[in-house]
Amino acid sequence: MSRSGEPFSLGRRVRILVLTIFAATFTLTAFGGFALTQLFESRDHLIHTINPAEVAERDYAKALFDQQAAVRGYALTRRAQFLNANTIGREEQRRAERRLRSALRNDGDLLRLVDSAETASRLWQNQAVTEIVSAT
Numbered sequence: 011m012s013r014s015g016e017p018f019s020l021g022r023r024v025r026i027l028v029l030t031i032f033a034a035t036f037t038l039t040a041f042g043g044f045a046l047t048q049l050f051e052s053r054d055h056l057i058h059t060i061n062p063a064e065v066a067e068r069d070y071a072k073a074l075f076d077q078q079a080a081v082r083g084y085a086l087t088r089r090a091q092f093l094n095a096n097t098i099g100r101e102e103q104r105r106a107e108r109r110l111r112s113a114l115r116n117d118g119d120l121l122r123l124v125d126s127a128e129t130a131s132r133l134w135q136n137q138a139v140t141e142i143v144s145a146t
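So in the numbering used here, spot 134 of the sequence shown is number 144, and the numbers just go up one at a time.
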């Protein structure tokens, strides 16, 4: 209704309806564009950071398991071939660590976890493996 208490004319009602529809369409389009932008950024982060880091982490863990199996094999059999497998596992671990650090280069918190894992693996390699090998 107008200020004088009379109802708006049909033409004015149509203009208000069209403007309202336009404003709602514009707002929904803006939100949709924002949502798509966020989706594409998340997708890029997944493809270029998370997936490579996940593969590198699996390779890193596999290298550690391979080293552990090699050291156990050597401890049980005293065969030098197991020491070679341990050396190969260390090389694979270094390659996986480089890939992991590269994938996570922009995430300081996760890089600190990589540092912790690397410190623990070096401690194991320097203490436990050295003791087992030198005990023969």
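Simulated from the structure, these hints should not be mistaken for laboratory data.
All figures in this text were calculated on a predicted structure; none of them were measured in a lab.
Some clues are possibly wrong.
[Said to hold, decoys possible] Just the calculated beta-carbon pair ranges, DEER-fashion:
hint, residue 1, residue 2, range
1, 145, 50, 14 to 22 Å
2, 126, 41, 16 to 24 Å
3, 136, 115, 22 to 30 Å
4, 62, 136, 22 to 30 Å
5, 53, 129, 47 to 55 Å
Here a beta-carbon is modelled for each residue, glycine too, at the ideal position from N, C-alpha and C.
Going down the list of hints, with the structure as the test:
1. Taken as a hint, the range 14 to 22 Å is violated for the pair residue 145 and residue 50, whose Cβ atoms sit roughly 57 Å apart.
2. For the pair residue 126 and residue 41, the supplied restraint of 16 to 24 Å is violated, since their beta-carbon distance comes to about 41 Å.
3. Between residue 136 and residue 115 the beta carbons are some 27 Å apart, a value that agrees with the proposed interval 22 to 30 Å.
4. Taken as a hint, the range 22 to 30 Å holds for the pair residue 62 and residue 136, whose Cβ atoms sit roughly 29 Å apart.
5. Residue 53 and residue 129 have their C-beta atoms about 34 Å apart, which leaves the hinted 47 to 55 Å range violated.
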